[in-house]
Amino acid sequence: MSVIKTKDITKIYQETTIPVNALNGVDLEIKKGEFTAIVGPSGSGKTTLLNIIGGLDRPTSGYIEIGGKDLSQLNDNQLIDFRKDNIGFVFQAYNLIPVLTAKENVEFVMLLQGVSTQERDDRVLELLKAVGIEEKANNRPMELSGGQQQRVAVARALAPKPTFILADEPTANLDSKSTEDLLDLMLRLNKEEDMTFVFSTHDQRVINKARRVITLVDGKISTDEYQNQPA
Amino acid sequence: MILKLAWRNIWRVKSRSFVVIGAVTIGIWAVLFLVGYMLGTVNTLIKNSIENQVSHLQVHHNDFKKDREVKFFMDDVSSSLEQIRTDGTVKGATSRTLVNGMITAPKGVRGVQIKGIDPGGEASVTSLDDKIVEGSYFDEKTKNPIIIGQELAEKLNIALRKKVVLTFQDVEGEMTYAAFRIIGFYKTHNSTLDELFVYIPQSKLNDLIGLEGSAHEIAILLDDLEKADAKRDQWQGAFDEAAQPYLVETYREIAPDINLYDSQMSISITIIMSIIMLALIFGIINTMLMAVMDRYRELGMLMSIGMNKIRVFSMIMLETIMLSLVALPIGLFAGWATIAYTGMYGIDLSNYADGLNQFGMSEIIYPSLTGDIYLQLAVMVVTTAILAAIYPAYKAIKLKPVEAIRKL
Numbered sequence: 022m023s024v025i026k027t028k029d030i031t032k033i034y035q036e037t038t039i040p041v042n043a044l045n046g047v048d049l050e051i052k053k054g055e056f057t058a059i060v061g062p063s064g065s066g067k068t069t070l071l072n073i074i075g076g077l078d079r080p081t082s083g084y085i086e087i088g089g090k091d092l093s094q095l096n097d098n099q100l101i102d103f104r105k106d107n108i109g110f111v112f113q114a115y116n117l118i119p120v121l122t123a124k125e126n127v128e129f130v131m132l133l134q135g136v137s138t139q140e141r142d143d144r145v146l147e148l149l150k151a152v153g154i155e156e157k158a159n160n161r162p163m164e165l166s167g168g169q170q171q172r173v174a175v176a177r178a179l180a181p182k183p184t185f186i187l188a189d190e191p192t193a194n195l196d197s198k199s200t201e202d203l204l205d206l207m208l209r210l211n212k213e214e215d216m217t218f219v220f221s222t223h224d225q226r227v228i229n230k231a232r233r234v235i236t237l238v239d240g241k242i243s244t245d246e247y248q249n250q251p252a
Numbered sequence: 002m003i004l005k006l007a008w009r010n011i012w013r014v015k016s017r018s019f020v021v022i023g024a025v026t027i028g029i030w031a032v033l034f035l036v037g038y039m040l041g042t043v044n045t046l047i048k049n050s051i052e053n054q055v056s057h058l059q060v061h062h063n064d065f066k067k068d069r070e071v072k073f074f075m076d077d078v079s080s081s082l083e084q085i086r087t088d089g090t091v092k093g094a095t096s097r098t099l100v101n102g103m104i105t106a107p108k109g110v111r112g113v114q115i116k117g118i119d120p121g122g123e124a125s126v127t128s129l130d131d132k133i134v135e136g137s138y139f140d141e142k143t144k145n146p147i148i149i150g151q152e153l154a155e156k157l158n159i160a161l162r163k164k165v166v167l168t169f170q171d172v173e174g175e176m177t178y179a180a181f182r183i184i185g186f187y188k189t190h191n192s193t194l195d196e197l198f199v200y201i202p203q204s205k206l207n208d209l210i211g212l213e214g215s216a217h218e219i220a221i222l223l224d225d226l227e228k229a230d231a232k233r234d235q236w237q238g239a240f241d242e243a244a245q246p247y248l249v250e251t252y253r254e255i256a257p258d259i260n261l262y263d264s265q266m267s268i269s270i271t272i273i274m275s276i277i278m279l280a281l282i283f284g285i286i287n288t289m290l291m292a293v294m295d296r297y298r299e300l301g302m303l304m305s306i307g308m309n310k311i312r313v314f315s316m317i318m319l320e321t322i323m324l325s326l327v328a329l330p331i332g333l334f335a336g337w338a339t340i341a342y343t344g345m346y347g348i349d350l351s352n353y354a355d356g357l358n359q360f361g362m363s364e365i366i367y368p369s370l371t372g373d374i375y376l377q378l379a380v381m382v383v384t385t386a387i388l389a390a391i392y393p394a395y396k397a398i399k400l401k402p403v404e405a406i407r408k409l
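These protein sequences, in sequence, are chains A and B.
For what it's worth, my numbering labels the leading residue of the first sequence as 22, then goes sequentially.
For what it's worth, my numbering labels the leading residue of the second sequence as 2, then goes sequentially.
If you're looking for bench data, these hints aren't it; they were derived computationally from the structure.
All of these numbers come straight from a predicted model, not from anything done at the bench.
A portion of the hints provided could be inaccurate.
[Stated by the list, open to error] Okay, the calculated bits of chain B under chain A, using three or more residues with CB under 8 Å as the criterion:
| hint | region |
| --- | --- |
| 1 | 297-303 |
| 2 | 309-316 |
[Unchecked claim] In silico DSS-like cross-links for lysine-lysine, where the CA-CA straight-line distance does not exceed 27 Å:
| hint | chain 1 | residue 1 | chain 2 | residue 2 |
| --- | --- | --- | --- | --- |
| 3 | B | K5 | B | K399 |
| 4 | B | K108 | B | K163 |
| 5 | B | K399 | B | K310 |
| 6 | A | K28 | B | K401 |
| 7 | B | K48 | A | K150 |
| 8 | B | K66 | B | K228 |
| 9 | B | K401 | A | K90 |
| 10 | A | K26 | B | K401 |
| 11 | B | K156 | B | K228 |
| 12 | B | K399 | A | K90 |
| 13 | A | K182 | B | K401 |
| 14 | A | K26 | A | K52 |
| 15 | B | K108 | B | K66 |
| 16 | A | K230 | A | K53 |
| 17 | B | K144 | B | K164 |
| 18 | B | K205 | B | K188 |
| 19 | A | K241 | B | K401 |
| 20 | B | K66 | B | K48 |
| 21 | A | K241 | A | K230 |
| 22 | B | K310 | A | K90 |
| 23 | B | K188 | B | K164 |
| 24 | A | K182 | B | K310 |
| 25 | B | K232 | B | K92 |
| 26 | B | K108 | B | K67 |
| 27 | B | K144 | B | K163 |
| 28 | B | K5 | A | K182 |
| 29 | A | K182 | A | K52 |
| 30 | A | K241 | A | K28 |
| 31 | B | K5 | B | K310 |
| 32 | A | K53 | A | K26 |
Backbone N, C-alpha and C define an ideal beta-carbon position, used for all residues, glycine too.
In isolation and in its complexed conformation, chain A is listed as follows:
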């Protein structure tokens, strides 16, 4: 079953007098439970593709479908709601809400969804346990290490039970140990909860762990390979 489906996606930035073709006809299909890395040199279109897949940006042309929903049919407000319920984001710089505790950060999107208190509490506890930082539940982000913050970010991304998780260079700011731990965590969640992960990365350690590696060059998919088949 396809979670993400794009057809002939193009994106042209016209911010200066010279148009920049960030994506040049990307056809992509990602199925449920895949653990996919999008790689490529700087300027290859990784972030643009991720933004479009995440509903943060719109393609200049082409078709995109997430969980069977045609995103071109949604206006800006509907897109926000769609993201809330369907896409979990993990950012390079963690981007937790600094004034909320780890628990409150994880809880935040569920509150936006209108999930009941009891259900929220149960899910937050379960997620914090899953990412291994339940003892830091009442700490604010500035009291956590980079690795711990990124774990909270993963828990927050999982909280609304999204269709897939989109991670933009999630290990870029982490040390080796934290990178290893985070990858293990994501792989475990992928395996145990059948959660779909799509991430952009430059990090060879991440690429090595991915099961599918899509390489972008000049806004086009140059290679699309499966590796490390799940056990």
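We have chain A already, so just place chain B on it with the hints.
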């Protein structure tokens, strides 16, 4: 959660929040103090005007107001006065005979208004006896006594116990004159009127101008200024019923300048409030815009993960309103405390007494405020905060998450 988030957000950069809170607090305090001071000034003016000159109500012959001639007098004033004095709301009432004339002293001549008064009745209405600063009030000992203002005495360069001559017209329009001995100098808070009014016994003046048992004016002091309109209507009705051609007027009708001061004060208060609130609006907009710009990436992230525009807008609005709500009680309390203290002990403007007295104002001003001013200001501050929050909140929702995310 939005409430909690907004509340915590305002304490992220404490120094910035304290600047806004401080600005709003000082703004509120300044408005309260200025309004209190201005109201205190007007109240003093009205009080002085009532106490020294107009009282709460006055009765005249219908034609007297148009043309202050001696012939427009009221007959049998004593029975009207008796009736008025029986009313429970009346603190004091007196009749006066009024003529314009000249006062001649050895070293000067001035135009004056001669007030023939009943010493006892006058004391109950204007407390003239308490305003004697040199000499004494009327007594039985001196023949043809006169009390003049200290200001006039200085202008005439005349001392106590000296004689002056008053010249004026009698009821037939004939010139008449009489010599009087100065028994006292009075001083009110209105130096202009102190130069103008001289007081002699009413019986003497009536003899000189040929009026028996009559007067030109009845002045009435009530126990409450607010009852003036109702009493005016009541007594006007009674005079009309008795077919007496008398006109009853309240202090506002007699001295329209009081209305002018009142309306000018209202306009001034509105202008002052508007200027201060306008300054606050720009201060708040500036601070909240900085807060929004500082959190550009974070707001983008919030919108990325599903916080819709209404919630983002509400959060920024709430943050601004909360800042104002923190400042509001502090400002209100500071204003109230200042008004309470200065209202009790007064603001001493003795250095400017000469100028103030020329306008009928005391040199000590007692600021005062009514509860509705506090309420109005509270509503204005919250409204100001809401207005000031709109632009930063609008800027926040106009950001594009993808652009904000690019900055991650």
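For each hint, the structure was consulted:
{"no.": "1", "hint": "297-303", "verdict": "holds (count 4)"}
{"no.": "2", "hint": "309-316", "verdict": "holds (count 3)"}
{"no.": "3", "hint": "B/K5 <-> B/K399", "verdict": "23 Å, holds"}
{"no.": "4", "hint": "B/K108 <-> B/K163", "verdict": "12 Å, holds"}
{"no.": "5", "hint": "B/K399 <-> B/K310", "verdict": "9 Å, holds"}
{"no.": "6", "hint": "A/K28 <-> B/K401", "verdict": "24 Å, holds"}
{"no.": "7", "hint": "B/K48 <-> A/K150", "verdict": "76 Å, violated"}
{"no.": "8", "hint": "B/K66 <-> B/K228", "verdict": "23 Å, holds"}
{"no.": "9", "hint": "B/K401 <-> A/K90", "verdict": "22 Å, holds"}
{"no.": "10", "hint": "A/K26 <-> B/K401", "verdict": "24 Å, holds"}
{"no.": "11", "hint": "B/K156 <-> B/K228", "verdict": "39 Å, violated"}
{"no.": "12", "hint": "B/K399 <-> A/K90", "verdict": "25 Å, holds"}
{"no.": "13", "hint": "A/K182 <-> B/K401", "verdict": "25 Å, holds"}
{"no.": "14", "hint": "A/K26 <-> A/K52", "verdict": "9 Å, holds"}
{"no.": "15", "hint": "B/K108 <-> B/K66", "verdict": "33 Å, violated"}
{"no.": "16", "hint": "A/K230 <-> A/K53", "verdict": "18 Å, holds"}
{"no.": "17", "hint": "B/K144 <-> B/K164", "verdict": "11 Å, holds"}
{"no.": "18", "hint": "B/K205 <-> B/K188", "verdict": "23 Å, holds"}
{"no.": "19", "hint": "A/K241 <-> B/K401", "verdict": "25 Å, holds"}
{"no.": "20", "hint": "B/K66 <-> B/K48", "verdict": "23 Å, holds"}
{"no.": "21", "hint": "A/K241 <-> A/K230", "verdict": "23 Å, holds"}
{"no.": "22", "hint": "B/K310 <-> A/K90", "verdict": "22 Å, holds"}
{"no.": "23", "hint": "B/K188 <-> B/K164", "verdict": "20 Å, holds"}
{"no.": "24", "hint": "A/K182 <-> B/K310", "verdict": "22 Å, holds"}
{"no.": "25", "hint": "B/K232 <-> B/K92", "verdict": "13 Å, holds"}
{"no.": "26", "hint": "B/K108 <-> B/K67", "verdict": "34 Å, violated"}
{"no.": "27", "hint": "B/K144 <-> B/K163", "verdict": "13 Å, holds"}
{"no.": "28", "hint": "B/K5 <-> A/K182", "verdict": "24 Å, holds"}
{"no.": "29", "hint": "A/K182 <-> A/K52", "verdict": "17 Å, holds"}
{"no.": "30", "hint": "A/K241 <-> A/K28", "verdict": "12 Å, holds"}
{"no.": "31", "hint": "B/K5 <-> B/K310", "verdict": "18 Å, holds"}
{"no.": "32", "hint": "A/K53 <-> A/K26", "verdict": "11 Å, holds"}
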